[in-house]
Amino acid sequence: RVPGTGRASGMRRRLGERPVPAIAAVRGYALGAGANLAWLCDIVVAGSGASFGEPEIKHLALSPMLLLPWMAGNQKLANLLYFTGSRLTADEALAAGMVARVVPDGKVLDEARSVASQIAQLPPFGVRLMKQSLRAGYDAMGFRVAQEAHRARDELALGAHGIPEREHLASLLAAGEMGRFLTERGR
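Note that this note's numbering has the sequence shown beginning at 23, numbered continuously upward.
Worth double-checking, as some hints may not be accurate.
To be verified - EDC-like, lysine to aspartate or glutamate: derived pairs with alpha carbons at most 16 Å apart:
no.	residue 1	residue 2
1	153	39
2	80	161
3	153	64
4	98	114
5	80	170
6	153	78
7	80	189
Said to hold, decoys possible - Simulated DEER-style distance windows between Cβ atoms:
no.	residue 1	residue 2	range
8	190	146	50 to 60 Å
9	148	206	51 to 61 Å
10	144	183	24 to 34 Å
11	156	190	22 to 32 Å
12	70	190	35 to 45 Å
13	83	154	30 to 40 Å
No lab work stands behind these hints: they were computed from the structure. By construction, the Cβ of each residue, glycine as well, lies at the ideal position given by its N, Cα and C atoms.
Make a model of the complete structure from these sequences and hints.
Right, here's the structure in full:
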């Protein structure tokens with residue numbers, strides 16, 4: 023596959039090309055691809071019980087996308103998530119600039135709709151131009167090039183053979199031993 027053409031790339035492109043801002047409403051776990059989907063959105067509203075993380079390193083893979091350098095205000099925290107596979111609470115994600123608002127879990131969808139309503143009352147042309155400007159700014163900072171380079175490395179990691187830890191984890195999954203897989207992956 024050509025780098026930059028995978029499912030995550032397509033998702034990024036579709037959300038980025040939408041003329042209106044995409045708003046994520048997150049309750050519960052947003053890990054790996056789930057976290058990436060939320061962070062690809064223009065605005066993230068999280069429930070107080072939500073948690074975000076990039077656990078892929080625990081099973082010898084890379085994050086589906088390399089988003090945190092652009093989405094987190096704290097680069098060292100982003101590195102911590104990528105290198106350890108640890109999670110952040112919604113409040114920690116808010117403090118790091120990874121979500122826009124944290125509300126009680128039962129109010130997440132209402133708050134996301136409220137934000138959408140506020141945006142819908144603005145001049146559509148201005149909203150479209152702002153979204154285009156923001157995306158162009160990310161690309162000018164190297165976002166697209168970094169995604170393509172990361173995707174190539176992710177495919178290398180996913181296709182690697184002869185790595186004992188990876189083969190052991192794969193054998194646990196193949197045997198249907200999800201409990202052992204999760205326990206051993208978390209070491």
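Consistency of the hints with the structure:
Our distance criterion of 16 Å between C-alpha atoms is met by residue 153 and residue 39, whose separation comes to about 9 Å. Distance hint between residue 80 and residue 161 is unfulfilled; the C-alpha atoms sit about 29 Å from each other, more than 16 Å. Taken as a hint, the residue 153 and residue 64 pair is honoured in the structure, with Cα atoms around 8 Å apart against an allowance of 16 Å. The hinted pair formed by residue 98 and residue 114 meets the criterion: a straight-line CA distance of about 14 Å does not exceed 16 Å.
At most 16 Å may separate the alpha-carbon atoms for a hinted pair to count; residue 80 and residue 170 exceed this at roughly 22 Å. Simply put, residue 153 and residue 78 have alpha-carbon atoms about 30 Å apart, too far for the 16 Å limit, and the pair is violated. Proximity of residue 80 to residue 189 is assessed by CA-CA distance (about 13 Å); at most 16 Å being required, the pair is judged to hold. The hint said 50 to 60 Å for the Cβ distance between residue 190 and residue 146, and at roughly 54 Å that hint holds.
Judged by the Cβ atoms, the range 51 to 61 Å given for residue 148 and residue 206 holds: they are separated by roughly 52 Å. For residue 144 paired with residue 183, a C-beta distance near 52 Å fails the hint of 24 to 34 Å. The beta-carbon spacing between residue 156 and residue 190, approximately 43 Å, falls outside the hinted interval of 22 to 32 Å. A hinted range of 35 to 45 Å for the beta carbons of residue 70 and residue 190 is consistent with their spacing of about 37 Å.
Checking the proposed 30 to 40 Å range against residue 83 and residue 154 shows it holds: the Cβ atoms sit about 33 Å from each other.
Of the numbered hints given earlier, the model fails hints 2, 5, 6, 10 and 11; all others are met.
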